[in-house]
Amino acid sequence: MPSRPDEDGDHLLRVIDSIWRKTQQSWRDDMARHFERSHWSPLLAESRAYLGALRECLEMMSAAERDTEF
Amino acid sequence: MADIHADIDALRELADALARFRHAQREVVERGDHEIEATRASLEAKAGSWRSQLARRQADLAACQQPAARDAAGPAPDCSAEARAVREAEQRLDHIRRWQQRVDEEAGAFRSAAVRFRDLLDLDVPRTENHLRAVISGLEASRRIQVAGS
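Residue numbers (the working numbering), protein chains in the order written: chain D, 1 to 70; chain V, 1001 to 1150.
In short, the hints are calculated from the structure, not lab data.
All figures in this text were calculated on a predicted structure; none of them were measured in a lab.
Where hints are given, some of them may not hold.
Calculated cross-link-like contacts (lysine to any residue; reagent style SDA-like; alpha-carbon spacing at most 20 Å) [said to hold, decoys possible]:
hint: 1; chain 1: D; residue 1: LYS22; chain 2: V; residue 2: LEU1061
hint: 2; chain 1: D; residue 1: LYS22; chain 2: D; residue 2: SER3
hint: 3; chain 1: D; residue 1: LYS22; chain 2: V; residue 2: ALA1038
Pairwise CB distance ranges (calculated) [to be verified]:
hint: 4; chain 1: V; residue 1: SER1049; chain 2: D; residue 2: GLY52; range: 31 to 37 Å
hint: 5; chain 1: V; residue 1: SER1137; chain 2: D; residue 2: SER62; range: 44 to 50 Å
hint: 6; chain 1: V; residue 1: ALA1141; chain 2: D; residue 2: ALA45; range: 31 to 37 Å
hint: 7; chain 1: V; residue 1: SER1042; chain 2: D; residue 2: ARG21; range: 14 to 20 Å
hint: 8; chain 1: V; residue 1: GLU1030; chain 2: D; residue 2: GLN25; range: 32 to 38 Å
hint: 9; chain 1: V; residue 1: ALA1055; chain 2: D; residue 2: LEU44; range: 50 to 56 Å
hint: 10; chain 1: V; residue 1: ALA1038; chain 2: D; residue 2: ASP30; range: 45 to 51 Å
hint: 11; chain 1: D; residue 1: GLU69; chain 2: V; residue 2: GLN1066; range: 30 to 36 Å
hint: 12; chain 1: V; residue 1: ILE1008; chain 2: D; residue 2: SER62; range: 32 to 38 Å
hint: 13; chain 1: D; residue 1: SER62; chain 2: V; residue 2: PRO1126; range: 31 to 37 Å
Glycine included, C-beta positions come from ideal geometry on N, C-alpha and C.
Next comes chain D alone, as it looks inside the complex (with noise of 0.2 Å):
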């Protein structure tokens, strides 16, 4: 059965974030700070906004779905 998008999406969002969790063990520094809170921080809220938006639309869709079978 083919996955949803907004699960994949979760996880795409959930590797890219491990993986920035992994830089930063080794960027300690001002810009890595600056970095992260000019760069990361918005990416990771946007992302999560977008994702729970797309989740609550599918799942009305797919309600709409079920619910029109007669």
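Assemble the complex: chain D is given as a structure, and chain V must be docked to it using the hints.
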């Protein structure tokens, strides 16, 4: 000079992973849009099918109620089954239309989140990749100077 603690290979890996993330998430967006459109098309097809059924059932009811169908001497024909079938088709069509409205509203509200995310993938993530690659170039240059000076 700022204190620098960075593994260039790890930064390269992060920059490459970001490029992969951008491409893969674009596919997620495309698939999400496709699923929404597929649901809308499916609901429209169901509504169309029930509109046809309703028209057929209304015609059956009208035929049953026509004077020609009546036996002048006998009682009025029983058209309750036809009337029931018409009501059922009307209710199902209404039910589908209500879902269509809800789905349109949800899709409209979702669209703004999708536009923001597309902008993030098309503009912000490449900017982040470029920023990382500039950091990597700066670190490489700084290490070359350190090596030359040692």
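| Hint numbers not upheld by this structure, sorted from lowest to highest | 1, 2, 3, 7, 12
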